[in-house]
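Chains as they are written, first to last, in the working numbering: chain A, 4 to 142; chain B, 4 to 142; chain C, 4 to 142; chain D, 4 to 142; chain E, 4 to 142; chain F, 4 to 142.
None of these hints come from the bench; they were simulated from the model. Remember, it's a predicted structure, so these values are computed and weren't measured experimentally. Any given hint could be a false lead.
All copies of an identical chain are treated as equivalent in the list; a pair is satisfied when it fits inside any one copy or across any two copies.
[To be verified] Pairs of lysine-lysine residues, derived as DSS-like cross-links and limited to a Cα-Cα distance of at most 27 Å, are as follows:
| no. | residue 1 | residue 2 |
| --- | --- | --- |
| 1 | LYS28 | LYS126 |
| 2 | LYS96 | LYS74 |
| 3 | LYS126 | LYS113 |
| 4 | LYS124 | LYS28 |
| 5 | LYS116 | LYS35 |
| 6 | LYS116 | LYS28 |
| 7 | LYS96 | LYS113 |
Protein chains: 6
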Amino acid sequence: MIYITRRERFNAAHRLFLPEYTDEKNMEVFGKCSNPNWHGHNYHLFVTVKGNINPKTGFVVNLKDLSNIIKQYVIEIVDHKNINLDVPFMAGKLASTENLAIGIWEQLEKPVKGLGAELHKIKLFESENNFVEYLGTNA
Amino acid sequence: MIYITRRERFNAAHRLFLPEYTDEKNMEVFGKCSNPNWHGHNYHLFVTVKGNINPKTGFVVNLKDLSNIIKQYVIEIVDHKNINLDVPFMAGKLASTENLAIGIWEQLEKPVKGLGAELHKIKLFESENNFVEYLGTNA
Amino acid sequence: MIYITRRERFNAAHRLFLPEYTDEKNMEVFGKCSNPNWHGHNYHLFVTVKGNINPKTGFVVNLKDLSNIIKQYVIEIVDHKNINLDVPFMAGKLASTENLAIGIWEQLEKPVKGLGAELHKIKLFESENNFVEYLGTNA
Amino acid sequence: MIYITRRERFNAAHRLFLPEYTDEKNMEVFGKCSNPNWHGHNYHLFVTVKGNINPKTGFVVNLKDLSNIIKQYVIEIVDHKNINLDVPFMAGKLASTENLAIGIWEQLEKPVKGLGAELHKIKLFESENNFVEYLGTNA
Amino acid sequence: MIYITRRERFNAAHRLFLPEYTDEKNMEVFGKCSNPNWHGHNYHLFVTVKGNINPKTGFVVNLKDLSNIIKQYVIEIVDHKNINLDVPFMAGKLASTENLAIGIWEQLEKPVKGLGAELHKIKLFESENNFVEYLGTNA
Amino acid sequence: MIYITRRERFNAAHRLFLPEYTDEKNMEVFGKCSNPNWHGHNYHLFVTVKGNINPKTGFVVNLKDLSNIIKQYVIEIVDHKNINLDVPFMAGKLASTENLAIGIWEQLEKPVKGLGAELHKIKLFESENNFVEYLGTNA
Numbered sequence: 004m005i006y007i008t009r010r011e012r013f014n015a016a017h018r019l020f021l022p023e024y025t026d027e028k029n030m031e032v033f034g035k036c037s038n039p040n041w042h043g044h045n046y047h048l049f050v051t052v053k054g055n056i057n058p059k060t061g062f063v064v065n066l067k068d069l070s071n072i073i074k075q076y077v078i079e080i081v082d083h084k085n086i087n088l089d090v091p092f093m094a095g096k097l098a099s100t101e102n103l104a105i106g107i108w109e110q111l112e113k114p115v116k117g118l119g120a121e122l123h124k125i126k127l128f129e130s131e132n133n134f135v136e137y138l139g140t141n142a
Numbered sequence: 004m005i006y007i008t009r010r011e012r013f014n015a016a017h018r019l020f021l022p023e024y025t026d027e028k029n030m031e032v033f034g035k036c037s038n039p040n041w042h043g044h045n046y047h048l049f050v051t052v053k054g055n056i057n058p059k060t061g062f063v064v065n066l067k068d069l070s071n072i073i074k075q076y077v078i079e080i081v082d083h084k085n086i087n088l089d090v091p092f093m094a095g096k097l098a099s100t101e102n103l104a105i106g107i108w109e110q111l112e113k114p115v116k117g118l119g120a121e122l123h124k125i126k127l128f129e130s131e132n133n134f135v136e137y138l139g140t141n142a
Numbered sequence: 004m005i006y007i008t009r010r011e012r013f014n015a016a017h018r019l020f021l022p023e024y025t026d027e028k029n030m031e032v033f034g035k036c037s038n039p040n041w042h043g044h045n046y047h048l049f050v051t052v053k054g055n056i057n058p059k060t061g062f063v064v065n066l067k068d069l070s071n072i073i074k075q076y077v078i079e080i081v082d083h084k085n086i087n088l089d090v091p092f093m094a095g096k097l098a099s100t101e102n103l104a105i106g107i108w109e110q111l112e113k114p115v116k117g118l119g120a121e122l123h124k125i126k127l128f129e130s131e132n133n134f135v136e137y138l139g140t141n142a
Numbered sequence: 004m005i006y007i008t009r010r011e012r013f014n015a016a017h018r019l020f021l022p023e024y025t026d027e028k029n030m031e032v033f034g035k036c037s038n039p040n041w042h043g044h045n046y047h048l049f050v051t052v053k054g055n056i057n058p059k060t061g062f063v064v065n066l067k068d069l070s071n072i073i074k075q076y077v078i079e080i081v082d083h084k085n086i087n088l089d090v091p092f093m094a095g096k097l098a099s100t101e102n103l104a105i106g107i108w109e110q111l112e113k114p115v116k117g118l119g120a121e122l123h124k125i126k127l128f129e130s131e132n133n134f135v136e137y138l139g140t141n142a
Numbered sequence: 004m005i006y007i008t009r010r011e012r013f014n015a016a017h018r019l020f021l022p023e024y025t026d027e028k029n030m031e032v033f034g035k036c037s038n039p040n041w042h043g044h045n046y047h048l049f050v051t052v053k054g055n056i057n058p059k060t061g062f063v064v065n066l067k068d069l070s071n072i073i074k075q076y077v078i079e080i081v082d083h084k085n086i087n088l089d090v091p092f093m094a095g096k097l098a099s100t101e102n103l104a105i106g107i108w109e110q111l112e113k114p115v116k117g118l119g120a121e122l123h124k125i126k127l128f129e130s131e132n133n134f135v136e137y138l139g140t141n142a
Numbered sequence: 004m005i006y007i008t009r010r011e012r013f014n015a016a017h018r019l020f021l022p023e024y025t026d027e028k029n030m031e032v033f034g035k036c037s038n039p040n041w042h043g044h045n046y047h048l049f050v051t052v053k054g055n056i057n058p059k060t061g062f063v064v065n066l067k068d069l070s071n072i073i074k075q076y077v078i079e080i081v082d083h084k085n086i087n088l089d090v091p092f093m094a095g096k097l098a099s100t101e102n103l104a105i106g107i108w109e110q111l112e113k114p115v116k117g118l119g120a121e122l123h124k125i126k127l128f129e130s131e132n133n134f135v136e137y138l139g140t141n142a
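Chain A with its partners taken away, still in its complex shape (with noise of 0.2 Å):
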């Protein structure tokens, strides 16, 4: 068993609040990231796929198939969007990191399946300060 790591990158608007609470109670429970006209990040994903190496090819995966499956199934549909607005499988959810990870690892675990390996973790860093990680719900 080994591991092996793809970063990618995209750039999102967001903001954190809920419907029901007026702008004051919301800048009291999520602070400044409740901004009512949105702030945005540069988020750093790091997707980390675990399985046996290929004894013909050396590699768990190859890494250009699992960028493309990040690509298509991830950051074409977040990148320079708002996660509020723009991206389905945000809908109806609270734009934290922690659920945007998640998000993430939904959006991943079958289209990995599909080249051979297992999702391991989703690791989204929302600032060089800031970051979650996901290993499922098996972990």
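Starting from the structure of chain A, add chains B, C, D, E and F where the hints point.
Quick look at chains B, C, D, E and F alone, frame taken from chain A:
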């Protein structure tokens, strides 16, 4: 003459577009940066000032003072904000990194003089791949 | 279960030595890290906590609260200090990165519990080439 | 139990290819990584060992000793070399990052034991976007 | 006048040597960089252009256009290649970082002019410890 | 004319204070940087030299020689030391980053000339947020 630089960071949403263009025309000129629902960045701002060393303190400027000025005149105005909608010094300007760097220069030029130094350069990273440098109208 | 990490930084002086050794013997065992007049580092501290997502906020913990706790129980005590002389929770211990990481864990374990989460890992960088990870006595 | 990691770096050339394939077939399977005249990388190697803290020294292992062992058993053999042609422990293997990480593990497992610690993880970056982690056959 | 920089990356093999020297003499002059079987690097290339801001777009140049030009005239020619053997614009030159930076300048000077800006600086990192800057023959 | 830069690193303790001030007055002027028991940093030093390319070697200077000179005249004197107490070229000076950068320039100016190049810039990072640049008395 010696140069000293302070880094500060902010997160913001923005959109590149011309109001007189259609969304299609904006997409043609500005690409995905024109997404109508905004996107965003972790901006890294490097403010360089120059001057002579104060023989008493060994400093050109006290970095705490420089940091405070950057926070007061820039970070509190742009952090967790929408560059197009929320930032008075960007009103009526295209929210490009170039214009944002110049706007930041104009915010800081006088306060830096008040510290007994001279503003030398604004270096503004929009991402790890893109940055702008501005040295004022005399450079 | 999801993991969230906050980075904080501090600068400190320290020295590796045993008081019962001569300077020569300390130099033999600890090398230049035993310099009697101290040396220092920019430490980078990554605090990882785990828990379930609060469905109301989308958070495991509010990162602002986590940051405040790290500042109160660690950063204010160690930043711009001498680890050997100024830090009560390191009194009588060798000021190695290993012992410092464990001391930080002990400072944070209870306050993190008070936020409704569980401390998972202390990762402490002494330099870009060296870091220590501690996961508690149950790991 | 505590974990300590040392980073070392090396630069090397390599090529991904199967000798029984034509250049065209290799290009199809391995892409531009199969360029017959080689390409290369700045590899970043993170070696993590685990153990108990020696109460006398405050260390799991002396990082100087760990660094020396990594240099002797890995860096001197791979640095400024061609992974396919010059590295005995990679002879007859595909020069993938996966195989290189396993080869490095096998080089270091015993010498780390000789320091009184246990090798825990090899993390090998081929670029800032790609890395492999290997935890041995028991992980 | 404002400066804008785009980073692109490439991986390549190279060797420092003079064909008229023996391997021993090359080792004496160029050290391990003269390994006959090549070694390699992840090069980081920063291309800085200068000009006036187009009042219509807010840009000096569209970074997408600048990125495309760098890819066409540099990256596609050097990426995953052998600098000594595969790169027409380096033919007959020593594959030092200095010469490579000048070669890249000569590839980009005209195409950047075609974008309505002026090439200002090539900054080329061979590793995190070494980089070269070239500002043209007029600097 | 081309510019080449070598990075070296060192760790050191220091304190900002004036001996004629009380601890309270020092705290007022220099803040927590005046802690009487010292604090410290991982300094990152970038030394830039300029010159013409030697047509025989393709180099401005051999980076190995430049690295050796930096180690001999700077790193061995400051690494794992106390800037205020242990460093002859800082004796009697305030241990600010500004003064340290100038002291390093004075240590290196002549030895760089001995390599057939000219010292162009000392860039000294005290942390990822603060750095000083010095270009000599003629700049």
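Here is what the structure says about each hint:
In this homomeric assembly, LYS28 and LYS126 never come within 27 Å of each other (Cα to Cα): the closest approach is 30 Å inside a single copy and 35 Å across copies. For a Cα distance limit of 27 Å, the shortest separation of LYS96 from LYS74 inside one copy, 22 Å, qualifies, whereas the shortest one across copies, 31 Å, does not. With identical chains, the CA atoms of LYS126 and LYS113 are at most 27 Å apart both within one copy (18 Å) and between copies (26 Å). In this assembly of identical chains, the alpha carbons of LYS124 and LYS28 never lie at most 27 Å apart, being 34 Å within a copy and 33 Å across copies at closest.
In this assembly of identical chains, LYS116 and LYS35 lie within 27 Å of each other by CA distance solely across copies; the values are 25 Å between and 39 Å within a copy. Taking the closest pair of Cα atoms, LYS116 and LYS28 come within 27 Å of each other only across two copies (25 Å); inside a single copy the shortest separation is 43 Å, beyond that limit. For the identical chains of this complex, LYS96 and LYS113 are intra-copy neighbours only, at 21 Å inside a copy versus 31 Å across copies, given an alpha-carbon limit of 27 Å.
In summary, the numbered hints that this structure violates are 1 and 4.
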